[in-house]
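Colleague: Sequence:
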Amino acid sequence: MEGDGESVSSSASTALVAADVDARSILVLRGGRSKAMYQFTQQSLPACKPVLTPTSVISTLFLMGIFCIPIGLLSLHASLSVVEIVERYDSECVPHQFRLNKVAYIKDSLIPKNCSRYLKVPKYMKAPIYIYYQLDNYYQNHRRYVKSRSDKQLRYGLQYNDTSSCIPEESNDGLPIVPCGLISWSLFNDTYSFFRGTDELRINRKNIAWKSDRDHKFGKHVFPFNFQNGTLIGGAMLDPNVPLSDQEDLIVWMRTAALPSFRKLYGKIEEDLEANDVISIYFLNNYNTYSFGGRKKLVLSTASWLGGRNNFLGMAYIAIGSCLIVLALVFILLHVKNPRPYGDAMYVSWNWKGIPN
Numbered sequence: 001m002e003g004d005g006e007s008v009s010s011s012a013s014t015a016l017v018a019a020d021v022d023a024r025s026i027l028v029l030r031g032g033r034s035k036a037m038y039q040f041t042q043q044s045l046p047a048c049k050p051v052l053t054p055t056s057v058i059s060t061l062f063l064m065g066i067f068c069i070p071i072g073l074l075s076l077h078a079s080l081s082v083v084e085i086v087e088r089y090d091s092e093c094v095p096h097q098f099r100l101n102k103v104a105y106i107k108d109s110l111i112p113k114n115c116s117r118y119l120k121v122p123k124y125m126k127a128p129i130y131i132y133y134q135l136d137n138y139y140q141n142h143r144r145y146v147k148s149r150s151d152k153q154l155r156y157g158l159q160y161n162d163t164s165s166c167i168p169e170e171s172n173d174g175l176p177i178v179p180c181g182l183i184s185w186s187l188f189n190d191t192y193s194f195f196r197g198t199d200e201l202r203i204n205r206k207n208i209a210w211k212s213d214r215d216h217k218f219g220k221h222v223f224p225f226n227f228q229n230g231t232l233i234g235g236a237m238l239d240p241n242v243p244l245s246d247q248e249d250l251i252v253w254m255r256t257a258a259l260p261s262f263r264k265l266y267g268k269i270e271e272d273l274e275a276n277d278v279i280s281i282y283f284l285n286n287y288n289t290y291s292f293g294g295r296k297k298l299v300l301s302t303a304s305w306l307g308g309r310n311n312f313l314g315m316a317y318i319a320i321g322s323c324l325i326v327l328a329l330v331f332i333l334l335h336v337k338n339p340r341p342y343g344d345a346m347y348v349s350w351n352w353k354g355i356p357n
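Sequence positions in the sequence shown follow this note's numbering and run 1 to 357.
For the record, the hints were derived by calculation from the structure and aren't laboratory data.
Be aware that one or more of the hints could be misleading.
As the list claims (entries may be wrong) - In silico DSS-like cross-links for lysine-lysine, where the CA-CA straight-line distance does not exceed 25 Å:
#: 1; residue 1: Lys268; residue 2: Lys126
#: 2; residue 1: Lys120; residue 2: Lys211
#: 3; residue 1: Lys264; residue 2: Lys220
#: 4; residue 1: Lys268; residue 2: Lys206
#: 5; residue 1: Lys102; residue 2: Lys113
Model the full assembly from the supplied sequences, consistent with the hints where possible.
Modeller: Printed below as a string of structure tokens:
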């Protein structure tokens with residue numbers, strides 16, 4: 001009987017081995033994908049299993065810290081090399097008799113909106129010098145405001161006049177508006193002129209918008225139609241003889257900002273400004289930010305290889321690098337004070353005193 005049992009078990013094992021060989025051969029014939037699936041289900045895929053020894057952890061933290069701190073110092077130096085002048089003008093450009101009623105001043109078209117300010121250049125500013133207008137407490141990210149546009153109309157004109165999301169979509173005479181919507185209707189309309197002594201500093205207002213927007217989002221054969229012709233005027237007018245793709249003020253404004261404080265590019269001064277130069281600025285203070293408590297600022301700024309002034313990136317790199325080096329030092333002290341042999345299991349939870357095995 002024992003001999004019979006042994007023969008039965010050996011034949012069964014032989015059959016299982018043969019079946020496994022056949023299964024593997026079938027998987028090989030089916031290709032690499034089946035083989036990979038077989039290895040995945042059998043948990044036999046190759047894997048990287050790093051061993052976190054104290055030396056490797058401390059070395060990694062030190063290397064990462066040494067890598068981050070120089071990058072942070074370079075970024076911070078590039079940011080601090082940017083020369084920036086910020087001038088708030090919304091309050092100063094209101095006549096004294098209207099300081100208590102600024103909304104009445106900005107809405108009265110009979111009151112001149114001219115204003116002049118003087119700026120002293122603190123440091124040498126190398127061209128190009130970027131001119132921005134900054135608006136604070138202005139929520140361009142409001143859902144109703146963001147959706148109030150027709151991308152098909154901006155691209156193709158009235159032949160694809162899908163204005164279901166536009167507010168307003170028609171003027172008082174019932175005709176469609178191109179471009180429609182609240183964003184274009186509220187286009188920023190303050191203007192700036194710059195003089196150094198008696199010489200005017202020319203402003204280049206070309207190529208201030210993204211090339212992708214000019215080429216793909218605004219049509220070259222789409223012209224403004226019936227725009228700002230109603231009784232309710234929002235912001236700037238558009239030239240009906242210039243296609244939308246060439247009206248870069250509109251393109252810059254239509255790329256809505258995510259935060260309530262934002263800057264948008266107005267133009268570029270392509271002349272160097274020397275230190276202590278006095279710049280005369282003449283404003284047309286047309287845009288109404290007084291009704292909602294907004295603020296308007298003019299910004300003149302140079303640029304570095306990293307862009308405009310932004311100290312956060314450099315400070316973040318320095319802070320992270322410093323934290324990594326401090327952690328590495330802490331781990332060194334702990335390792336020196338309480339060394340633990342490699343593979344020692346005395347600190348495993350089930351070996352703690354008071355915990356049953």
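Colleague: Against this structure, judge whether each hint is valid.
Modeller: Hints, one by one, checked against the model:
Restraint check: the Cα-Cα separation between lysine 268 and lysine 126 comes to about 12 Å, which is no more than 25 Å; the hinted pair holds. The straight-line distance between the Cα atoms of lysine 120 and lysine 211 is roughly 34 Å, outside the 25 Å bound, and the hint therefore fails. In summary, the hint linking lysine 264 to lysine 220 is supported, as the alpha carbons are separated by about 23 Å, within the 25 Å threshold. For the hint pairing lysine 268 with lysine 206, the CA-to-CA distance comes to about 9 Å; that is within 25 Å, so the pair holds.
Restraint check for lysine 102 and lysine 113: the C-alpha separation of about 12 Å stays at or below 25 Å, so the hint holds.
The structure is inconsistent with hint 2 alone, although it conforms to all the rest.
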